[in-house]
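Asker: Starting from the structure of chain A, add chain B where the hints point.
Going line by line, the protein sequences match chains A and B.
Note that my numbering has the first sequence beginning at 1, numbered continuously upward.
Note that my numbering has the second sequence beginning at 1, numbered continuously upward.
None of these hints come from the bench; they were simulated from the model.
Among the hints, a few may not be true.
List of simulated lysine to aspartate or glutamate pairs, EDC-like, C-alpha gap at most 20 Å [to be verified]:
| # | chain 1 | residue 1 | chain 2 | residue 2 |
| --- | --- | --- | --- | --- |
| 1 | A | Lys32 | B | Asp37 |
| 2 | B | Lys262 | B | Asp201 |
| 3 | B | Lys775 | A | Glu456 |
| 4 | B | Lys27 | A | Asp169 |
| 5 | A | Lys32 | B | Glu41 |
| 6 | B | Lys27 | A | Asp103 |
| 7 | A | Lys32 | B | Asp38 |
| 8 | B | Lys546 | B | Glu565 |
| 9 | A | Lys32 | B | Asp34 |
| 10 | A | Lys278 | A | Glu134 |
| 11 | A | Lys32 | B | Glu117 |
| 12 | B | Lys775 | A | Asp103 |
| 13 | B | Lys262 | B | Glu180 |
| 14 | B | Lys683 | A | Asp450 |
| 15 | B | Lys437 | A | Glu134 |
| 16 | B | Lys27 | A | Glu85 |
| 17 | A | Lys285 | B | Asp38 |
| 18 | A | Lys234 | B | Asp54 |
| 19 | A | Lys260 | A | Asp360 |
| 20 | A | Lys234 | B | Glu275 |
| 21 | B | Lys146 | B | Asp289 |
| 22 | A | Lys32 | A | Asp10 |
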Amino acid sequence: MQQIRFVLNDETVVIDSISPTTTLLDWLRETKRLTGTKEGCGEGDCGACTVLVGKVVDGRIAYRSVNACIRFVPSLSATHVVTIEHLAGPNGILTPIQQALADLHGSQCGFCTPGIVMSLYALLMENPTPSRAEIEVALQGNLCRCTGYESIFRAVEAAAADMSKASPDRLTLARENIIATLNDLKPKRTIRIFHGQQRSIIPFNTADLADAYATEPNAVIVAGATDVGLWVTKQMRQLSPVIFINHLTELQTITETDDKVHLGAVVTYTQAQDVLAKSFPALGKLLIRIGGQQVRNMGTIGGNVANGSPIGDTPPALIALNATLHLRSRNGTRSLPLEDYFVEYGKQAKEPGEFVEALDIPKLGKDEFYAIYKISKRRDEDISALCAAFKLKLDAAGNVASIRIAFGGMAGTPKRASLTEAFLTGKPWNEATVTAARAELAKDYAPLSDWRASSEYRMLTAQNLLTRLLIETSGEQASLERYAMLEAGE
Amino acid sequence: MNKMDTTFPTVINGPLHADRRHDSAHKHVAGAADYIDDMPEPVGMLHAALGMTDRAHATITNMDLSGVEAYPGVVAVLTARDFPVNDVSSAHKHDEPVLAEKLVEFHGQPAFVVIAETRAAARQAARRARIEYEDLPAILSVAEAKAAGGKLVTEPLTLKRGDADTALAKAPKRIKGQMEVGGQEHFYLEGHISIAIPGEDDEMTIWASTQHPSEIQHMVAHVLEVPSNAITVFVRRMGGGFGGKETQGNQFAAIAAVAARKLKRAIKIRLDRDEDMAATGKRHDFAIDYDIGFDEEGRIHGVKAEFAARCGFSADLSGPVTDRALFHVDNAYFYPHVEVKSLPLKTNTVSNTAFRGFGGPQGCVGAERFMEEIAYALGKDPLDVRLANFYGEPGSDRVLTPYHQTVEDNIMPRLVAELAEKTAYRKRREEIIAFNKTSRVIRKGIALTPVKFGISFTMTAFNQAGALVHVYQDGSIHLNHGGTEMGQGLYTKVAQVIADCFQVDLDRVKITATTTGKVPNTSATAASSGTDLNGMAAYDAARQIKERLVAFATDKWKVAESDVEFLPNRVRVGTEIIPFPDFISQAYFARIQLSAAGFYKTPEIHWNRATGQGRPFYYFSYGASVSEVSVDTLTGEYIVNRADVLHDVGHSLNPAIDKGQVEGGFIQGMGWLTTEELWWDAKGRLRTHAPSTYKIPLASDKPEIFNVELAEWSVNKLPTIGRSKAVGEPPLVLPISVVEAISMAVASVADYRQCPRLDTPTTPERVLMAIERLKTA
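Same shape as in the complex, but just chain A (with noise of 0.2 Å):
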């Protein structure tokens, strides 16, 4: 009686065997033949792939756009997902977003799409009177190269300006029947699936995770698997046995205390905006431009940080932050400071059977200045070049009391520029002792060269960003920011 179980569209899906790395693009495209859902890229970048994928939390069930090309069928179990040809009614009445795009000629080759109006009306669910920026925001996964996107906003403005007077679509109609039948859903207990000789497994808590991972120290553990999809979709790897883990509740916590927030380890980047927004504007700031709305949906903070890359963009701004890791294993729980776990390129301070379980960020304190800058070569939905975060504390005299910078994408992990911040302590912070600082930087780093920046840009820029936050910590604004302008009414 081992079987994931959800729902597509109207219909209850039940399988008993399956790959743990069968996508749920090629799962709905060639098993399902529902071939409304495209595949652009196959790496979460393009969009064309965007379903949603509905869960009861707290009695309600909340939608949220997803790429099906990296996203694995075991990952579903107890949700509902939904495709591109659920959305017009059964009468073909087209939703107000679909009529609002054929009639304003929000398509040309048509192949993106569908992608795009599904992203469109996860929008429109939750914010039916998006402004331009918002949109922007929502279509930040979808890549559409006819329109020019113009078009698109237009049929959104549009669409909004009907929403209130369309009638409840048949994704609101069967909101409740949705919700008993996810409720039925739910596993009881831990699930494993075989199919020939790979395996999934589904612990029911945290408890069998740790026992589970313990017992086999070499499976995959999986929560939004928007790096490991690659590794299936590009590189062609066969992973077995994964532990899905992006279900567990007691890894989604989000508790705000005086001096901290502690972040379960499957923590969306969606789940922890605004809470993270809230303490750390600059880092609700940088959430936004991690990928796109999708991979926001699916990835998990937890997981940008296990995964150990030197260009991930949470743990500079995390380590600036001064946040500690728990680790967990069966044998019980051990916490690290964040940068700590950064041993080399391609390691991490990470035992056998051990996993990321939580992390805990302290509050900035009264006087001190926060900042993150990304720098990449497309503005949104791009790796970083570089990333730098800096938090700063200046004393009543103007002397820099106390400064820790780390930055993503100048060595193979994320890393502090102790050396600069060293030299900077106790110094006055002006644009003197900021110009002096730049050797020290070019000391902490060896930046390389590759396709995203030369290592001459990357220290340049690097150094510059020094000269940025100078200028900001006096109040003045020295960086783009997009509508900026325009709502200042230039």
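Answerer: Chain B only, in chain A's frame:
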């Protein structure tokens, strides 16, 4: 109901010159438009995957495929030896094998093909080959190719008028410089795909995502060694093409066909995105060396330039692409003396190919750089330099292009004046200069750049098209033509032509998949010519049927021709009003032929490549844009704050669709010139091989304010379909204004005394490095 009681509309639904949505729009938004991978699969179909090499230039010394063959689900492994005709050179130069046999000429070149029960098994198996190589020296860039003696893939071209050397020597001012213009990946959202279904005898049916079904037909016939009449190619729609599916699908159709013949099973090959980007060609990158002479007014006296292109390992379309770069080295400007030449260089990289604009945009980028250089040298507003150099009024002595065609339809002065006025260009430029004086980190820039684009295939023979129109007994119409639909709305516009001709509602016209079986010997849907050619061919077919219908009516009702009138959804014969379906039914019973094949060839054009003279273009399209940007001088990051476009499409057949082409072309061109960077490593491996690393514009890269207008007053002076003009390619050139606006912001750090000479794409890195260069200069 008595049909005679029907109230007829005063105008049909979907006439010419009216906004109509894309014919498949309602299917696009519902996921109901089928692309080739969405079609039901023939029983027993097998899947093919490419086995790719990983050397830029090498000899294969051993290829051990035992691991591939042993992989579960593998049915066959094909190598070059399975292809008796191992050649898919569209240039007919035999320089492009289907599969590499001994010689590997670029990193990623396919050397074998796996056929398996599933696509996943084929892809898995393909990674299990062990190939041994002996490396050969690899030439990767234009600079390396020139240094190594400059081997060419095809004949270069020189365009010459007047005496450039003397003009340069005598000019009051002279500037020499170099500019690098990067290439571009098409990034059609639907990658390459082909299905081959074997039939009786030597027959083979191909479904391919292609802009050029006829060439797929010829190439498959060629590799199967059968006549063309054995091969039928279909394509209903592509998920984007942009030139990337003009010749690049040949190889995959050939693979599917040869495997299908060998295994007697249907074969599908669908490339993964990374494979598609590694194995198929891109826009040519160029290094432009220029030498320009001008006077104090900014007027050009003479231009000499060399356009050296990285063509990759084979000719493909590099000849006509580099030719078209030269055809646009004037853009909108008159050069009294000019000598320009192309250098189509062979490199050990994937063979570059057609991409929207086909070399033309690179030529225009060069021309605009000349204007910018002159402006900075003289301390002028670049717009004044442009105005001083525009082609003159018809009949003036400033109307001859470098290829000796007279510019007869120059509307640029009016168009640019209107745009500059409407956008308050002069005032905003002054405000920006004032802003930059006080802004420490953020600097702004503004620029107005024009485009004049030559319309016609420069290969005169390609300027022909066919169409097939059937009117069925119930009055419904079946339309087919040689053009392909890749999102540009061609099917919709041609259907409007037919609806308008017969005066019936658009939904009475059924648009059917393009196929070589209905319209033969077609040209690629390319060179912006789709509507011009196929619209006229369809019109010709409809005209023939209408003439027969008029003759039938005059004969039957004994009225004069002038008494037969096609009114909306009805026909007036004398005083009698007959609903269209009834009229058609009566014509059928009178044994009138209700089907016709239409044909069109563009008149007046001719081109002699040997002399570099002729009239390669039937007419020119015009446009201009004003862009305003903000640049962060600490990081090189930028935002496009605003762009305004005024573009000429003649008398538009469908303004909504044309506007979509202009908006989309602008953003695609902006991506080419700003964030889209192709980056090969020292081993010749493309490292920007997927959207994670290759950055096309997102919604949030669009100008914050983006106004696009068509020049509604423009009418093609020549008798094109509905007096419209082509729209596909010219708008891609518009966003040169973005580059020049960024350049102005950069120049502000040195008080505009120096031309920043930005290469493209203007990544934040290039921008910051230019700022550094200017600060220290």
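Asker: Now tell me if each hint is right for this structure.
Answerer: Results for each hint:
Restraint check for Lys32/A and Asp37/B: the C-alpha separation of about 14 Å stays at or below 20 Å, so the hint holds. For the hint linking Lys262/B to Asp201/B, the alpha-carbon distance of about 13 Å falls within 20 Å, and the restraint holds. For the hint linking Lys775/B to Glu456/A, the alpha-carbon distance of about 16 Å falls within 20 Å, and the restraint holds. Restraint check for Lys27/B and Asp169/A: satisfied, since their Cα atoms lie roughly 18 Å apart, inside the 20 Å limit.
Of the supplied pair hints, the one linking Lys32/A and Glu41/B holds, its CA atoms being roughly 13 Å apart against a limit of 20 Å. Annotation: proposed proximity of Lys27/B to Asp103/A holds, straight-line Cα distance about 12 Å (limit 20 Å). The suggested pairing of Lys32/A with Asp38/B holds, with an alpha-carbon distance near 12 Å, which does not exceed 20 Å. For a cut-off of 20 Å, the pair hint linking Lys546/B to Glu565/B stands: about 10 Å separates their Cα positions.
Only pairs whose Cα atoms come within 20 Å are accepted, and Lys32/A paired with Asp34/B is accepted, the gap being roughly 16 Å. For the given pair, Lys278/A sits about 18 Å from Glu134/A by alpha-carbon distance, which is consistent with the 20 Å threshold. For the proposed pair Lys32/A and Glu117/B, the alpha carbon gap of about 18 Å is at most 20 Å, so the pair holds. About 51 Å separates the Cα atoms of Lys775/B and Asp103/A, which puts this hinted pair outside 20 Å; it is violated.
Restraint check: the Cα-Cα separation between Lys262/B and Glu180/B comes to about 46 Å, which exceeds 20 Å; the hinted pair is violated. Distance check on the hinted pair: Lys683/B and Asp450/A sit about 13 Å apart at the alpha-carbon level, within 20 Å; holds. About 33 Å separates the Cα atoms of Lys437/B and Glu134/A, which puts this hinted pair outside 20 Å; it is violated. About 11 Å separates the Cα atoms of Lys27/B and Glu85/A, which keeps this hinted pair within 20 Å; it holds.
For a cut-off of 20 Å, the pair hint linking Lys285/A to Asp38/B is broken: about 39 Å separates their Cα positions. With a CA separation close to 16 Å, the supplied pair Lys234/A and Asp54/B stays within the 20 Å bound. With a C-alpha separation of about 6 Å, the suggested pairing of Lys260/A with Asp360/A holds against the 20 Å cut-off. Distance check on the hinted pair: Lys234/A and Glu275/B sit about 10 Å apart at the alpha-carbon level, within 20 Å; holds.
As the CA atoms of Lys146/B and Asp289/B are separated by approximately 12 Å, the hinted pair is consistent with the 20 Å bound. For a cut-off of 20 Å, the pair hint linking Lys32/A to Asp10/A stands: about 13 Å separates their Cα positions.
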